[in-house]
Amino acid sequence: MAAPPDRRAASETPAAIAATMLLAALAAFAVAGLLFIPYGTDPLSAYAFLFAEAFGSLRGFGFTLVQATPLILIAQGTVLAWRAGLGYVGFEGCFVLGAAAAAWLALGGTPDGFPYALPPALFFPAVLALSFAAGAVWAGMIGVLRVRFRGNEVLTSLMANYVAAFIVQYLVSGPMRQPGSLPQTPRLPRDTWLPYLIPEARTHAGILIALVASGLVAVLLRATPTGYEIIASGINARAARYGGIPVARRQMLAILLAGGLAALAGLGAVLGVQHRLMDGLAGGAGFVGIVVALLARLDPLAVVPAAILYGGLEVGGAAMQRDTGVPSAVVFILESLVVLFILGSGLLRGWRLPLPWSGRWRATSRKAAE
Amino acid sequence: MLNQAFFVTWLAASVGLAGPVLLAAQGEIFAERAGVLNIGLEGTILLGALGSYLAAVATGSTPLGFVAGGVTGLAVGAVLALFYVGAQASQVVVGIVFNILAAGVASYVYDLAAGTSAPTIGLLRPVHLPVLSALPVLGPVLFRHPLPLYLTLLIVVLAQVVLFRTRFGLALIAVGEHPRAAHAAGISVARMRVIGVLLSGLGGGLAGAYLVTAQIGLYRDNIVSGEGFIALAIVIFGRWSPLRSLLAALVFGGADALQLSLQLFNDRVPAQVLLCLPYILTILAVSGLLGGRAQPAALMLPYRKE
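First to last, the sequence lines map onto chains S and G. Numbering follows the numbering used here, with no gaps: position 145 of the first sequence is 145. Numbering follows the numbering used here, with no gaps: position 94 of the second sequence is 464.
There may be inaccurate statements among the hints.
[To be verified] Label-pair restraints from in silico Cβ distances:
id, chain 1, residue 1, chain 2, residue 2, range
1, S, A239, G, L521, 46 to 54 Å
2, S, L34, G, A504, 35 to 43 Å
3, G, R535, S, R238, 37 to 45 Å
4, G, N592, S, L216, 48 to 56 Å
5, G, K675, S, I235, 21 to 29 Å
6, S, S181, G, L517, 33 to 41 Å
7, G, V497, S, L130, 54 to 62 Å
8, S, T13, G, K675, 39 to 47 Å
[Said to hold, decoys possible] Only part of the chain S face toward chain G is listed, based on derived beta-carbon distances under 10 Å:
id, residue
9, L35
10, P38
11, M252
12, L340
[Stated by the list, open to error] Chain S residues, not near chain G, derived (Cβ > 12 Å throughout):
id, residue
13, L44
14, P119
15, T226
16, F287
17, A319
FYI, nobody ran anything at the bench for these hints, they're computed from the structure. Ideal Cβ positions, reconstructed from N, Cα and C, are used throughout, including at glycine.
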């Protein structure tokens, strides 16, 4: 086996990071572009079509924003939890429970409705709080197991996703079921729908919730002592504790907020898109949101453009499948390749090429001469 | 209702449902014992299922399809090892991103290769083992299954022996518990981990092939719905031991089979309560609530040589 090549500390200058990320993204687009060829579409015009569909018109951009909304919220949750040093991956569970809580309140509880009606002015604050709380409690349980009992949060949160899915499956096939055939709730009353911002694309106000949340997460992490302590806990818990930071509390705060944000993604799906609760509502958004956060390098401000890019890819991919028959799966391949290549590019940055003017080249050539 | 016939049918169904995930869990045990959590197992099973289906259609031979699933899994394992071990990337990140990639690749390749014409393949028939299948209770429960189940049971025993009774197995465990010490003792951490990931790929690919060739007989994009995560759960619930994972798989399969048959009798017990239970038990197993950390100490920690 050959000796591993010399390495130096990965060069973490912003320019080096930006350049390698760009290269990785280009490489991913190039590889995924090859997938269009068997369908008789040339990659460049395919990408042009895809981006035109997603960003070329107000209507297309509206669809893109609808897709981006849950991705932004879940990615911000990922940023909070992962920055705090928790490998929480239970966003699918928070999503569906947040959706269930929102639907429950919107239907006036079940089966026969509340004995009193919530005043309309109170409904939206109440439903936001309830949905957020549902996700926060769900993620918080995993947080307690991790922080208090040193449970493995990756595994527990993965398994908790299934428990949450079964809870919702039970609700829509039992107590909250619309009498009739499909396991789903009745349609929510119109007053409880999120208002449309771009009516022709059915872009609902959830995007505003996502943008406000993004601003708050950015301020929290960048401009408050609490945010600093969250990040410090994630970088080195032992050092943070030694420095007087209540690590367990900061991690709990981060995971509670993360779960709550993911639940709001579910709220948007129910009150903004489907207008009813059904099984399988998250549809993988809980994992794609994590990928978005990774693409944004866990930076809350970079999350927004990253999520809009991925939302746009999904809109463009669906349009392409309708028009040309190229399967929209190409988009999932592209989305994951971008991140995988960026992961690989970190390795690239750490390896110094033996160029003639570098010390390493002289060292290797000396070795070769011996 | 709880007479012997019901009991036997239920147990036989449990064993049948447990088969594929148990097979996937065997490889995953080796990966995790070496310190690599392969969350990408779900995607591996999916690609194995696709590979075995396409090969079975192309060759007209279901057994060849089964083998092709394993080959696909090995190839997937090699790619995963590149990231887990070669790039030393975060295992959680790689696994999650890989599952999305695999779903995309499988859907794309299936569309390209099969398109609209997607024939079903001949299922592997149950093989009644001579003498044994005539035993009361045990016969129908254990000895009237398709060949992949017997293969799985054989692999469980083999895995148990290799893991705990051979130099290789003990070296693998050492790498997962204390990679630095293992390295100092002359064991190649990277090689052990690559082998672990390859075995996880092989097991996952064969599990996908098992689903296709012995249970379903065709391929759909949603053919694998959580089997990879159930296999991860079985590894945990079985506390990283092949024999105990057999029991864990039976708990999952048993709950699944029971809810299927209870649905026939009444709907007062929600099926979801039964389906949830194994997951809750699994959460408890790694929650830290039950004392000592059972997982390999270096699980999920990339290893860099000093």
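Tested hints:
Distance hint check: the CB atoms of A239(S) and L521(G) are about 51 Å apart, consistent with the given range 46 to 54 Å. With their beta carbons about 57 Å apart, L34(S) and A504(G) fall outside the hinted range of 35 to 43 Å. In this structure the hint that R535(G) and R238(S) lie 37 to 45 Å apart at CB holds, the actual value being about 38 Å. At about 37 Å, the CB distance of N592(G) to L216(S) disagrees with the hint of 48 to 56 Å.
Checked against the given bound of 21 to 29 Å, the beta carbons of K675(G) and I235(S), roughly 23 Å apart, stay inside it. Separated by about 40 Å at the C-beta atoms, S181(S) and L517(G) satisfy the suggested range of 33 to 41 Å. Distance hint check for V497(G) and L130(S): the Cβ-Cβ separation is about 55 Å, which falls inside the suggested range of 54 to 62 Å. Checked against the given bound of 39 to 47 Å, the beta carbons of T13(S) and K675(G), roughly 26 Å apart, lie outside it.
For L35(S), the shortest C-beta to C-beta distance to chain G is roughly 6 Å, which falls under 10 Å, so the interface hint holds. Checking P38(S) against chain G by beta carbon gives a least distance of about 6 Å; that is within 10 Å, so the hint holds. At a threshold of 10 Å, the smallest CB-CB gap from M252(S) to chain G is about 15 Å, leaving the interface hint violated. For L340(S), the suggested interface contact is upheld, since its CB lies about 6 Å from the closest CB of chain G, less than 10 Å.
In this structure L44(S) is separated from chain G by more than 12 Å, as the shortest Cβ-Cβ distance comes to about 19 Å. Against chain G, the non-interface label of P119(S) holds: every CB pair exceeds 12 Å, the least being about 34 Å. Distance check on T226(S): its Cβ is at least 25 Å (rounded) from any Cβ of chain G, clearing the 12 Å threshold; non-interface status holds. With a minimum CB-CB distance of about 5 Å to chain G, F287(S) fails to clear the 12 Å threshold, and the non-interface call is violated.
Against the 12 Å criterion, A319(S) stays outside the reach of chain G, whose nearest CB is about 17 Å from its own CB.
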